[in-house]
Amino acid sequence: MKFDSFADFIDMGGYGFFVWLAYGVTFGCLGILILHSLSQKKKVLTEIAKKMTREDRLKESRGKKS
Amino acid sequence: MWKWLNSYADPQRSYNLAGTLLPWFAGLAIALIGVGTIWGLLFAPMDYQQGDSFRIIYIHVPAASMSMAAYMGMATASFIGIVWQIKAADWAAASIAPIGAVMTFIALFTGATWGKPMWGTWWVWDARLTSELVLLFLYLGVIALYASFEDKVLAARAAGILAIVGVINIPIIKYSVEWWSSLHQPATIKITEESTMTGDMLYPLLMNIFGFGMMIGALTLVRFRAEVLARNGMRPWVRELANAEATK
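In the order they appear, the protein sequences are chains G and H.
Heads up: the first sequence at position 11 corresponds to 56 in this note's numbering, and the numbers run straight through without jumps.
Heads up: the second sequence at position 39 corresponds to 90 in this note's numbering, and the numbers run straight through without jumps.
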């Protein structure tokens, strides 16, 4: 380990602000990207399911008229 | 000889293949980035000129190099989609674009937080930084074009042409530090000769570069699967999945 203490590690030889800003924003962005990517599948499938129920309703009302 | 590849243009097969590959990419990405980042932050020796600020390298270089690699991947997929009319390739290109845009943003942002303590400025309009910013706009252009057509075959063609034309920017980014005088330093890692970096610093960096590559691969697979479902909503196997999701 290259640091003597935890405070030393946070301080990053005086560059703590810049180093942790870079790492914070990077992993923040990656986290948002990962969550967004994972949520897509559910969103798409829910939309298709909604479309299917809409189609079923249309078919039913058409059937009544004739 | 390569005919077996054709069967993977089928949406269901490519969807399933992506699902099989995903855990491998994701697992490798987590392991490599985890070890590489901890090694780089805690155990790599301090740079004798830049002190601990150099530790930003372990996310800056992977994000920057992979932003270019992802662009080449996206442009290749677009080319295959346009020339051989393989829709799965178009969907792959559309899946990579947002990931590449995030990588490019990370490269620019971490570059700024490294530039401030070392160069004394967050941003300069020099060749390397400006061409990387153009890369971000290219990604955003591809995303916007693909989103703005209801007909996704047409959308993929429009976005694909922009992606292919934009390839011209990649060698400009790569060689900008050699062609023009720049604040940005030239490459430290060299493929053909020995790298000008000690092993203790280099290995965690290489791990993070490969880790970022695997992460982009994993995220592409996740987004690709969702894109396949979205584009094939009329097919029975997708409708079955949708039914299962609705009744859950």
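Wrong hints could be hidden among the right ones.
With the C-beta cut set under 7 Å, the calculated list includes, among others, these residues of chain H facing chain G [what the hints assert, rightly or not]: (1) L93; (2) T161; (3) E244.
No lab work stands behind these hints, which were simulated from the structure alone.
By construction, the Cβ of each residue, glycine as well, lies at the ideal position given by its N, Cα and C atoms.
Hints versus structure:
| no. | hint | result |
| --- | --- | --- |
| 1 | L93 | holds (6 Å) |
| 2 | T161 | holds (4 Å) |
| 3 | E244 | violated (28 Å) |
In this structure, only the earlier hint numbered 3 is contradicted, and the remaining ones agree with it.
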